[in-house]
Amino acid sequence: MSKNLFDKIWDLHTVKTLPTGQTQLFIGLHLIHEVTSPQAFAMLRERGLSVLRPDRTFATVDHIVPTDDQARPYSDDLAEKMMQALEKNTEENDIEFFNLESGMQGIVHVIGPELGLTQPGMTIACGDSHTSTHGAFGAIGFGVGTTQIRDILATQTMALSKPKVRKLQFNGTLSAGVTSKDLILYLISKLGVNGGIGFAYEYAGPAIEALDMEARMSICNMSIEGGARVGYINPDQTTYDYLEGRQYVPKGEAFDKAVAFWKSMASDGDSEYDEIMTFDAGDIEPMVTWGINPGQAVGVSQSLPELANCSDDERATAAMAYEHMGFTPGQPMAGAKIDVAFIGSCTNGRISDLRAAAVVAKGRRVAPGVRAFVVPGSMQVAIQAREEGLDKIFEEAGFQWRRAGCSMCLAMNPDKLQGRELSASSSNRNFIGRQGSPTGRTLLMSPAMVAAAAIAGKVVDVRTL
Amino acid sequence: MTTELQRRQVTGTGIPVPGNDIDTDRIIPARFMKCVTFEGLEQYVFYDVRFDAEGQPKTHPFNEARYQKGSVLIVNKNFGCGSSREHAPQALVRFGMRAVIGESFAEIFAGNCTALGIPAVTASAQDIAALMEVVEKAPSTAITLDLDAKTATFSDLSIAIDLPESSRQSLVEGAWDTTAQLLDKKAIAGAAGRIPYMTWSV
Ligand code: SF4
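Residue numbers (numbering that gives the first Met the number 0), protein chains in the order written: chain A, 0 to 464; chain B, 0 to 201.
If you are wondering where the hints come from, they were derived from the structure by calculation, not from laboratory data. For glycine and all other residues, C-beta sits at the position ideal for the given N, C-alpha and C. All clues given are correct.
Reference listing, derived: stretches of chain B covered by chain A, where coverage requires no fewer than 3 residues with Cβ under 8 Å from a Cβ of chain A:
{"#": "1", "stretch": "19 to 28"}
{"#": "2", "stretch": "36 to 47"}
{"#": "3", "stretch": "77 to 84"}
{"#": "4", "stretch": "101 to 114"}
{"#": "5", "stretch": "169 to 177"}
{"#": "6", "stretch": "190 to 199"}
Between the sequences and the hints, there should be enough to build the whole structure, so can you do that?
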């Protein structure tokens, strides 16, 4: 007996091996949102199937909600239609829906943990690739497609092939002003955007253990940007303390029992892995992406890579990135002038992210000509932020304080880049067109770095502000 | 007996879309996912690289007359990275794609393809380059993917292809429509009963 957490959870949830060799895996928690679920409900209806375990499925609305005027019907007809479909599907199937009236609405990967739905030892699935976020709790979270949503709705299981497990050991400590967002951007810049294909990532080591839950979530969240569908961190006292008292977490004696189970699911000290890689957290500085995928990132003090120094694989994408971004190889990362600053998303839209950005914004002003937004990840985050007066700090500094949703992370709502605007963003993807304008440009960084860029009007090292 | 669902062989002409790391936002921009069905998505496949801001066509293989009959998409590395949106393979399938061959795929994308009965198979960089070259010169070249032999044949060439064995099996046996195989309620209830948190109440 010396199993890692991934193997333990996999084995515990295995229903059977299918004739194709895949595993039928039981899903303990299924989260749904408005974009990827309506087609799945339609397929169920076509086949005359019903939802097997409505008690294990929870819904929220996040991608399409406007963050300014939320009065119904939404001004965008298509958004209104999607909202109505989700209302109908959850009602007909007896699924709990954290809608705007519930006061619990928010980005699916923010509210799962916030409500205590996300717990160690679980299998979690959602029709959204950032389901890896929930791994921060020592769960295994899979992003799935709509066909698999159908399968999970109908059977509470899905067919999967078991990935390999790679342990990423981070020794040392992060320097002051360097965040978990920088750590994950650093990792992806080292291993590449497809470095994790076929793997589940276990993030471990003192630098990881020292992080609070929200910082851990930012790391697991972006596992998928590094090609790994699943990323997790073993549960520990930090995890249990975060969960205690939350709505869906067992209380009293039952909580102690839960903790005992959670502890039993953590990787054994001598567990085996398919691969182990070691890094020193002290090597990491604030990171900024300069290109069109999250692997194209450098430290803020560095210059952009010369094409000649790129590997053969990377060169064509790098050349395309330079063309799209309008940057020049060798130019320093710091100093790039921005037009938009966006603080939010399931990567960095939690209370600690807003606090970190507010520290930078306090008593300063957003540079003239920069549009700056703060979009809390959930209604609960918004309430907490208001209690702490963060909304005032942001507004006084010239940021727009918005309502909860995905917003400019993928711009399915009215928040979008215009033309070639350059955006400093705390989100997770800098793909061409991601922020709503086909020619728009995105620089990914930590929330504090985004706030600093908003104030300076250009990319700066937040530590020098 | 072969059933309609079995995918032992797929034959068609090719349509090359070169480039590494072509993400799902490029395959189908998010603004076209404001829909409650997948119908009509074919119009928006690769939209922002196919059309300019005024909706005028740009140079892109999906706009070229000579590739309009193509049903085997040929790509390079890490195709389909990014989001889990099934809208991406749905848009490709609805445009007429029946198979994808490339150097490598993002995992969720490849899984989504299999779930739609679309083989996503890999081949070496060299072989992909050769295949792209042949198709560019002679777009009407028939390409046959044989999932039993794990080969792709075109002109007088035959190259090795690969895909996860479970995907291969499910395509060959016509078992890629997974729901039916998962519906064993007794086994599911049994598994649920073994999982401690399934019995907790809050
Ligand atoms: S915040 Fe962005 S990445 Fe996260 S769920 Fe929303 S759209 Fe997806």
